[in-house]
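Participant: One-letter residues, chain by chain:
Protein chains: 2
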Amino acid sequence: MAKVTLLGTGIMGAPMARNLAKAGFDVTVWNRSPDRAEPLADCCTIAGSAAEAVSGADAVFTMVENSAAVLDILFGAHAAHAANPDALWIDTSSIQPSVARDCGAKIGRFLDSPVSGGQKGAVEATLAIMTGGEAADFAAAKPYLEALGNPTHVGPNGAGQVAKLANQQIVAITIGAVAEGLMLAQEGGCDPAAVRTALMGGFATSKILDLHGERMLNRNWKPGGPLRMQLKDLNNALEVAEAAGLDLPLTRQSQAAYEKLTNRLNLSENDHSAYMRYLEALNPGKRFGTVEDNE
Amino acid sequence: MAKVTLLGTGIMGAPMARNLAKAGFDVTVWNRSPDRAEPLADCCTIAGSAAEAVSGADAVFTMVENSAAVLDILFGAHAAHAANPDALWIDTSSIQPSVARDCGAKIGRFLDSPVSGGQKGAVEATLAIMTGGEAADFAAAKPYLEALGNPTHVGPNGAGQVAKLANQQIVAITIGAVAEGLMLAQEGGCDPAAVRTALMGGFATSKILDLHGERMLNRNWKPGGPLRMQLKDLNNALEVAEAAGLDLPLTRQSQAAYEKLTNRLNLSENDHSAYMRYLEALNPGKRFGTVEDNE
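Residue numbers (my numbering), protein chains in the order written: chain A, 10 to 304; chain B, 10 to 304.
A couple of the hints might just be wrong.
Said to hold, decoys possible - Calculated Cβ distances over 12 Å to all of chain A for the following chain B residues:
1. I55
2. A56
3. N93
Unchecked claim - Here are the computed distance ranges between Cβ atoms for each label pair:
4. A:E74 - B:N244: 40 to 48 Å
5. B:E248 - A:Q128: 35 to 43 Å
6. B:N244 - A:K231: 34 to 42 Å
7. A:E223 - B:I55: 41 to 49 Å
8. B:E47 - A:A144: 53 to 61 Å
9. B:K151 - A:R296: 30 to 38 Å
None of these hints come from the bench; they were simulated from the model.
Please read all numbers here as calculations on a predicted model, not as lab measurements.
C-beta atoms are modelled at their ideal positions from N, C-alpha and C, and glycine is treated no differently.
Turn these sequences into a full structure, and let the hints guide you.
Facilitator: Written as structure tokens, this is what we have:
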């Protein structure tokens, strides 16, 4: 039975550890704040340190907040990589592509393997998984990744993170498309809730129209995906675009909107469907929907 | 058995007439060029003029190219409305909301009821149908509309057409989102075909990522939905926005892109997924994918 370690049992990592255990792997977990690992005691071994957790593991997952947290666990204070340099290291965090490439250069077998689908996808093991690295390492990782969702090998190290940025970029712009469409519908004399229902099934159908369109109608701005994270992702996407010499006008326009929402309208902890509130700020006197804000 | 007439048996109207007949209605059809009506002889009565076709009908569908063609059939050369003013008139064409409101004012029972889903949706009777008009007329039309797809009542006359514009606006911007995401993925070192596959199932999933994303990878620019029609819809959407005093930045940015594609790059007959070629024109030296153009 393969031994798998997962470091970082937060909102995403905890259900992922549970699904790895459910798939029959011998799972050990560790979290910086130990109380967030404890609820996994029924299905996983809980280690006292990151180095202890990875010792003897065939594969090690990391699922933490950002590039700095990944580097701190691997090579910094927690020195996890030195404790088991031969394991297959799989980072499912969303970090900068350049940092993922650096990790790939330093670690013998490393996959950058960020996910999309949120907590729901993590719990239901239906995550979209975008993996960068060597084909042989991807093949070795596949049984573990398939316990979490649907993995696809998209290129060498860094490519998984670029694919995640492309995902976030499409999400950000599509949220804007849905907000502008529903606002036009309302101001053009339609019942916007009926329009959302009518459009589902046609070419405009998307997970965003379904889930975030409903959030807009309910003015439900509780995250979900907070605006500050959406802005971070768009900034990273534009950094990749600039490095490649690419001008992407809708991405640029969206970044400006999410920047205004986060830093000037001070809505950084609102869900990214609050793009609607950018339209309201841009069009004084216009207000979408009929209910109170829920934030 | 209710008598239903359909005027305009083109690429959309012909399969719609067939589905009305399949649902058990007594269907009569007419088309300006009679040869396009003839293939329906196995299931419909073919009339020699629009006025003859509508005589005695309980409900009359129109499905033609644009506002001018609708007005010509109803009140112009073909004078169909005068031949049966008491019928329930259902216009499924995509026309300007203001023209739909005018028709509603002139006709006792009129529904503007445009559709989304293309020829495939028309053949499979899975069209998304957005209907504007009186609630009682919508209730009377529902059995006919349900033979064609999924109808939703979205507001008074004109609202169906505004909802269709919102649909087209979301489609146009989402195509741009997918093109910019896939271009970033390619230039950031990913296999863009693998990225499209990986993203299906995550939050970025849409019918556009599925169908138009695949078109971009195949550089399949044969319409589908030609750029000139997409531009017309965006111009009409911006007209509604302006009348309502609304600024919609992504819609504006998209209109500029589709305008350049149609009028300056002379790609008016390319499918709207050719937004990718706007990105290529904007970024000299960048080319998406590895295959020849198919147009």
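Participant: Where does the structure disagree with the numbered hints, that is, which hint numbers, in rising order?
Facilitator: none
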